[in-house]
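Asker: Chain residues, written in single-letter form:
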Amino acid sequence: METEMMRPLLLLPEMLLAGGALAALIGGSFVPRHRQWIIRIFTAIVLVATIVAAAIQIRSPATSAFDDSFAVDTATGIARILAASGTLLILAIAADEIAGSARESETYALLLFSTAGTVLLAGANDLLALAVGFLLASIPLYALIGLAHTGAGAEAAMKTYLMGALFGILLLLGVTILSGLTGTTGYAELADRLAGAPKAAVTVAAVAVIGGLMFKAGGVPAHFWVPDAAQAATATAATFLTTVPKIGALVAVYRLATVLPPSSWPLLVAALAVASMTLGNLAAYWQSDPRRLLGWSTVSQVGFLLVPIVAAGRSDLALPSLLVYLTGYTATNIAAFAVSAALPERRDLTDYRGVAAERPWLAAALLVALLGLVGTPPAAVFVGKLTTATAAWDGGYAWLAVVVFANSVLSLFYYLRWIVPTYRQPNPGNPDGGARGPSGDEQVRPWSPRLAVTAAAVSLALGVAAGPLWALVTGP
Amino acid sequence: MLSLIVFLPLIAAVALAAVPRLGDTVARWTWVAVAAVDLGLIALVWARYDTPPPGELAFAERAAWIPGVNSSYHIGVDGFSLPLVSMTAVIYLACAVYALRERHRPRAHAALFLFLQSVSLGLFVAADLILFFVFFDLSIVGMYFVIAGWGHGNRAHSALKFFLYTFLGSLALLVGFIGLYVAANPHTFDMPELAATPPLQGRPVAGGLVLAAILLGLAVKTPTVPFHTWLPPAHTDAPAVGSAVLAGVLLKMGTYGFVRIAMPMLPQAWRAWAWVVIVVGVMSVIYGALVALAQSNVKRMIAYTSVNHMGYIILAVGVAGLVAADTTQARSVAVAGAVTQMVSHGLITGALFLLAGVLQDRAGTYDMRDFGGLAAPAPTFAALFAVGAFASLGLPAFSGFIAEFQIFTGSVAAAPVTAVAVLGILITAALFLRALQRVFTGDTAGSSVGFTDLRARELWSVGPLLLLSLAVGVLPRPLLDVIEPAAHAVVGLLGR
Chain A
1 METEMMRPLL LLPEMLLAGG ALAALIGGSF VPRHRQWIIR IFTAIVLVAT
51 IVAAAIQIRS PATSAFDDSF AVDTATGIAR ILAASGTLLI LAIAADEIAG
101 SARESETYAL LLFSTAGTVL LAGANDLLAL AVGFLLASIP LYALIGLAHT
151 GAGAEAAMKT YLMGALFGIL LLLGVTILSG LTGTTGYAEL ADRLAGAPKA
201 AVTVAAVAVI GGLMFKAGGV PAHFWVPDAA QAATATAATF LTTVPKIGAL
251 VAVYRLATVL PPSSWPLLVA ALAVASMTLG NLAAYWQSDP RRLLGWSTVS
301 QVGFLLVPIV AAGRSDLALP SLLVYLTGYT ATNIAAFAVS AALPERRDLT
351 DYRGVAAERP WLAAALLVAL LGLVGTPPAA VFVGKLTTAT AAWDGGYAWL
401 AVVVFANSVL SLFYYLRWIV PTYRQPNPGN PDGGARGPSG DEQVRPWSPR
451 LAVTAAAVSL ALGVAAGPLW ALVTGP
Chain B
1 MLSLIVFLPL IAAVALAAVP RLGDTVARWT WVAVAAVDLG LIALVWARYD
51 TPPPGELAFA ERAAWIPGVN SSYHIGVDGF SLPLVSMTAV IYLACAVYAL
101 RERHRPRAHA ALFLFLQSVS LGLFVAADLI LFFVFFDLSI VGMYFVIAGW
151 GHGNRAHSAL KFFLYTFLGS LALLVGFIGL YVAANPHTFD MPELAATPPL
201 QGRPVAGGLV LAAILLGLAV KTPTVPFHTW LPPAHTDAPA VGSAVLAGVL
251 LKMGTYGFVR IAMPMLPQAW RAWAWVVIVV GVMSVIYGAL VALAQSNVKR
301 MIAYTSVNHM GYIILAVGVA GLVAADTTQA RSVAVAGAVT QMVSHGLITG
351 ALFLLAGVLQ DRAGTYDMRD FGGLAAPAPT FAALFAVGAF ASLGLPAFSG
401 FIAEFQIFTG SVAAAPVTAV AVLGILITAA LFLRALQRVF TGDTAGSSVG
451 FTDLRARELW SVGPLLLLSL AVGVLPRPLL DVIEPAAHAV VGLLGR
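Chains A and B, in that order, give the protein sequences.
Count the first sequence with the numbering used here and you get residues 1 to 476, in order.
Count the second sequence with the numbering used here and you get residues 1 to 496, in order.
None of these hints come from the bench; they were simulated from the model.
A couple of the hints might just be wrong.
Distance ranges between label pairs, derived from CB positions [what the hints assert, rightly or not]:
| no. | chain 1 | residue 1 | chain 2 | residue 2 | range |
| --- | --- | --- | --- | --- | --- |
| 1 | A | P426 | B | S3 | 47 to 55 Å |
| 2 | A | A191 | B | P67 | 26 to 34 Å |
| 3 | A | V464 | B | T51 | 28 to 36 Å |
| 4 | A | W286 | B | Y49 | 51 to 59 Å |
| 5 | A | A62 | B | P67 | 15 to 23 Å |
| 6 | A | V464 | B | A47 | 28 to 36 Å |
| 7 | A | T474 | B | W460 | 53 to 61 Å |
| 8 | A | L282 | B | S3 | 41 to 49 Å |
| 9 | A | S29 | B | V14 | 43 to 51 Å |
| 10 | A | A461 | B | A43 | 46 to 54 Å |
| 11 | A | A461 | B | L467 | 38 to 46 Å |
| 12 | B | Y49 | A | T474 | 33 to 41 Å |
We put the CB at the ideal spot given by N, CA and C, even for glycine.
Input sequences plus hints: build the corresponding full structure.
Answerer: Right, dumping it as structure tokens:
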């Protein structure tokens, strides 16, 4: 009886996000520019409501909505909470950066739309729902990047758009092949019917769909837009697009992987993981712009996040470890970007010289965030790296666990390139390396430093309190 | 109780970091006070300590941490950890007293060292592999900032080298830990459980690979030849207290891992690879001593003698893997000697590095060629340095003699060929005597002119360390009574 009904309340968080986005868009045009903070407050309220709704729902047993096309389970619940919390935190950067700017309320609407798309992507239990989520999560991104109104921003938006179009088509191609082979788009039937389908066709389709999702995740081979966008977009957009869409994309890859026959995807995902980690790390080495360095670092992080997916279906740790890593990554990555947002004038690593002496809390947040991204205990990403590597080893991919830790060592070097100048003594004799940043009079941003410290503290707390977090991600 | 001991310094560190209004003097004395209280608490634990039954830990505490991978906050002490915990607290107290004069950001300095103290104590009481790893890694981060923030010379480069090298080792260690976890049935990271039912028995290839990862991680930290290259620059450019902690405490994290993790959890692989360990140990002994002999920088010389002294430990734990029925007693003696050496080396090298710091403080150089006849202007300094040197070269009546005597008695009985390592003692004796002669005897010249003798705080930090070494050397029984049951137990476990 109940399964016959649509049960729209199951999608309350998504409806809140989409409805809130529309309301922000329309409401923003009626609010004068100097009062656009009203829309920001409204956006925050929408996000808090989304988190509350998702948190209530996560306690009930797993189910699905809309004719089994959208899964409402622990993974979706965690993705909803993470995506909404991430966007909520990013509003603090926006409060510093774009308050009173020409496109403020539009930005909030775009953030909400993209968050809704991310959540749809995470819960998609049907190829068509997956395609809709992909488009809803992607299209607002192009605009978000373009809002920077700079030459580099336009280039980054164009690059993202072209990559998005290409990989979107690739994803749709894979969807077409899979539904053509099986006559269905629902994951439940796909799993049954793909067993008898021709192997080569299934593999091609798996490559196409997973490859398409790599665009959203920002992983190899669809990663080229990430460093450009991270560098050229506003800090608000850069933080958002390197954090939130990944949540949906990786959960979506996980769901898809559990459906496809195991002959077609584990090696592919393992190869993408190794390529993303290694390429991201190597490319980050010689970046001098902190934002661009973080952009490449997120490419490598996607590689780490793909590791547990390789073990999907082979190890009980696969899904919980993915969700734990995503949680830790969200907090830690936002903390690192928030530091760069707090010091917007310092766009070269050498400009960070003396920051520790001048702003010890901000420097401490940077230290926790960057060492956290390396996987230094007890920060949350360490727990994620530990459990994902364990999951891979447990699933028969011991070499992948070794690659994970080898890459962690590789990554340490470029994170240290940022930490080292931060903890150097300020050098007042040298105007370029002075303590006051390159421009001499640094603008004071109140919210980003607080966000950086908060997010870094959250990342530490999640690692220390890994027990409750683990209990949460393993579901009721 | 143990949790209090571990986290008391950390709480003090956070307080020091978070309350900027505290004056520098308050910060320095807070560090001394906290270190003293912590040592007092440990003395209390020692007084109430009864040797736990094999496979169990005294004062154990356990709480769930990451239940999904069976990792818990599990701590406790036994005959291996208790002496090292005590030694750690002694060295940090000595460093706190020594640093009472620290002029460069003393508040941050004290906070950093208190943090390091928590990390070091936590490592030695950890009874869970992941907990062990957490402290292992954090010690690297802490020491990086000690060298980069308070060192001298080419400190940024030395600190970076230290960080990258030991971090690489730590991740190899983590890979090994995960291997143990995956192989264990049921999966767990709990140390006593893994030691009770060692995984990978009867799987020589997998066991060998996992042991190789763990050995690599521990060998870098220890350090043994050929993984020692990070150590001399780190020591040369670190501040005196940093060197004392690095050599006294942090190096023991590697050797402690051998007796705590590698031997009991991978007995079969350990036996199979025992000769490799022995050869590495002998190489470290001879090579470390020879290179130390060639140094003119006092600090580098002491750093290389650390490689030599760690070599004795490696040799002893390697010999423990040469299982034969009639050598059980000898191998137990060797392992007990190894643990005694960990304590002894901590005390003596800690003292020597603090004394070397006095050279840098007064004259700004460590080079022996810059000094001469130092005994005349600084007789107390000369006396203490001579005592430290003699203790380090293994003179009877000092802890080093007890340790090395046991190591060689055990090793030579089990494998006569290891007697070649005795050569190391001879070279060490030569190099220390030569150093004493170059720096302290002859006409007062160079930087020795106008050299002020030890001040009270220097005397009060170095003196107790050497006195303790003397106490262990004269009355080793209380220490050995604690160590020996654990050494017997681990040799028994190796026989499985």
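Asker: Run every hint past the structure and note whether it holds.
Answerer: We went through each hint and held it up to the structure:
1. A:P426 - B:S3: 47 to 55 Å: Check failed, 39 Å falls outside 47 to 55 Å.
2. A:A191 - B:P67: 26 to 34 Å: Check passed, 30 Å falls within 26 to 34 Å.
3. A:V464 - B:T51: 28 to 36 Å: For T51 of chain B against V464 of chain A, whose Cβ atoms are near 33 Å apart, the range 28 to 36 Å holds.
4. A:W286 - B:Y49: 51 to 59 Å: For W286 of chain A and Y49 of chain B the Cβ distance comes to about 54 Å; the hint holds.
5. A:A62 - B:P67: 15 to 23 Å: holds, 20 Å
6. A:V464 - B:A47: 28 to 36 Å: holds, 32 Å
7. A:T474 - B:W460: 53 to 61 Å: holds, 54 Å
8. A:L282 - B:S3: 41 to 49 Å: holds, 42 Å
9. A:S29 - B:V14: 43 to 51 Å: holds, 49 Å
10. A:A461 - B:A43: 46 to 54 Å: violated, 34 Å
11. A:A461 - B:L467: 38 to 46 Å: Cβ of A461 of chain A to Cβ of L467 of chain B: about 44 Å, so the range 38 to 46 Å holds.
12. B:Y49 - A:T474: 33 to 41 Å: holds, 39 Å
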